[in-house]
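In UniProt numbering, the protein residues as written are 1 to 530.
Mixed in with the good hints, there may be bad ones.
[What the hints assert, rightly or not] Simulated restraints on C-beta separations:
1) Ala522 to Gln374: 24 to 32 Å
2) Ala522 to Pro452: 18 to 26 Å
3) Ala96 to His184: 31 to 39 Å
4) Arg448 to Gly382: 39 to 47 Å
[As the list claims (entries may be wrong)] Dumping the calculated DSS-like pairs for lysine-lysine here, alpha-carbon to alpha-carbon at most 25 Å:
5) Lys253 to Lys200
6) Lys62 to Lys98
7) Lys195 to Lys98
Since the hints were derived computationally from the structure, they do not count as laboratory data.
Glycine included, C-beta positions come from ideal geometry on N, C-alpha and C.
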Amino acid sequence: MVLGRVLVIAGSDCSGGAGLEADQKVIAAHGCYAMTATTALTAQNTTGVFDIHHVPADFLRKQIDACIEDIGVDVVKTGMLASAGTVDAVAAALEAHKVKTLVVDPVMVSTSGSQLLPSAALDALRSRLLPMATILTPNLPEARLLLADSGHGFVPVEKISDLEYIAQLVRNTGPKWVLIKGGHCPFRKDGTVAKSPAEKEIVVDVLYGGGDELFRIETPYHESRNTHGTGCSLASAIASNLATGMDVVPAVKAACRYVEAGIKTAPGLGSGSGPLNHFHSVSRLPFSPGHFVDYVLEHPDVAPVWHRFVNHPFVLAMGNGTLPLESFKGYLVQDYLYLIQFARANALASYKARSMHDIVASAEIVSHIFREMQLHVGYCEGFGISKEEMEQTEEKEGRLTSCTAYTRYVLDVGQSEDLIGLHIALAPCLLGYGVLAEQLHKDPNSNRESNPYWDWIENYVADDYVTAVKTGRGKSRSAKGERTGADDELAELLERHAMLQGPSRIEELVKIFIHATKMEVAFWEMYSSE
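Let's have the full structure, built from the sequences with the hints guiding it.
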């Protein structure tokens, strides 16, 4: 998607519901880049406007120039312009910078009824800005003020066609397109104006322009006090859509739907006309890019289980060399059998992957698992246990049942879940070994000299392995230039695919991670008492 650049020239609303503050929220919600040039500071809230401090026109011009000359601009949107001098300064700046797309929200009266544009500035607005406008977005009262200023009499509205007639008249003042917002004039479903609150059934916005094209944008009427900043928000939504390359008609229709949803889901703030929900369609991930693994490990539901896993008595006994040899031998045999199924699960991940990059990454994890299994074979041969004996080991009650349950769980996730679901089930094993090995390596209580398990621990504490666990991303290399272990591959996959998930899916993945970690704990406990 194109990163649209939108410059908003308008007044500030200190309460955040309208003006520049609302504009920036809308633009951000549409994935565009917002810039601002402040025309006035207001003291206002949901109940009204209490004071206005005008920004000098020459300083306003400096703001506009600073933005356009450096960042550039795709669409300019104007809001509260406050004075004739301001209008002239804005028009001169837009002409100088040859701005091609201009959305004009003729802010004259606030939702709470406060006058925001002096009548003396109307003529400057109509003569200087409207002929430059790509689209003008007045509500019905503002449209009537514009028509009155240009010499037209009052036009009553009894049916939707009257609203269409007003749009045609307003378009004659200069803009290429006009959107008459119908929120101040609800209709019945038969197209006649509502005479009582009970008759308010639909709202019709009328879009007119181009080659004399006329469009009705109809939405259900929603009784709500939360309409503060609707005009600002609608115009900025249109500007954002235009900035990303949409044509006028679809840009306006999408913006109308956006504002409708913002009213329906409004947070209900303030005691007067409350603000919209500007972020109703924005999904916020609970972690920063590149830190999904950190988020999972620090999750309040994960942390105690993870602590139990990496600080298990079995692990600590390996670190200080007090673990009974028979326990370690039994663990190696069972872990060898587990790794066979673990490799199958990673092979399944290659099958489920949709890109060659992910297919290769999962295949490389299988290769790493194979090398790890060879280490197990070597250790067991040193204990007088052959590879054939390891592979023929039978399940014993209370022993390999946990191993079997763990492998069946991982493979079941692989069958029933998507790729990232499978990878998150594999993660506690691959990530956990690096974490616990690092802890043991740093622990001053660890026995390095006469510990029969220290060589095994050091297999999982190479600098590249530990770095990959900490960062959860990248393809780091050791001082010897060797490729990193399987945890690096897995973490990179997790980080990349996690960015494509929604918030609820992230929490589902956390639950899978917790269950798999509990299986790892059970794995330790099978031999921790010997």
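Non-conforming hints, listed in increasing numerical order | 4 and 7
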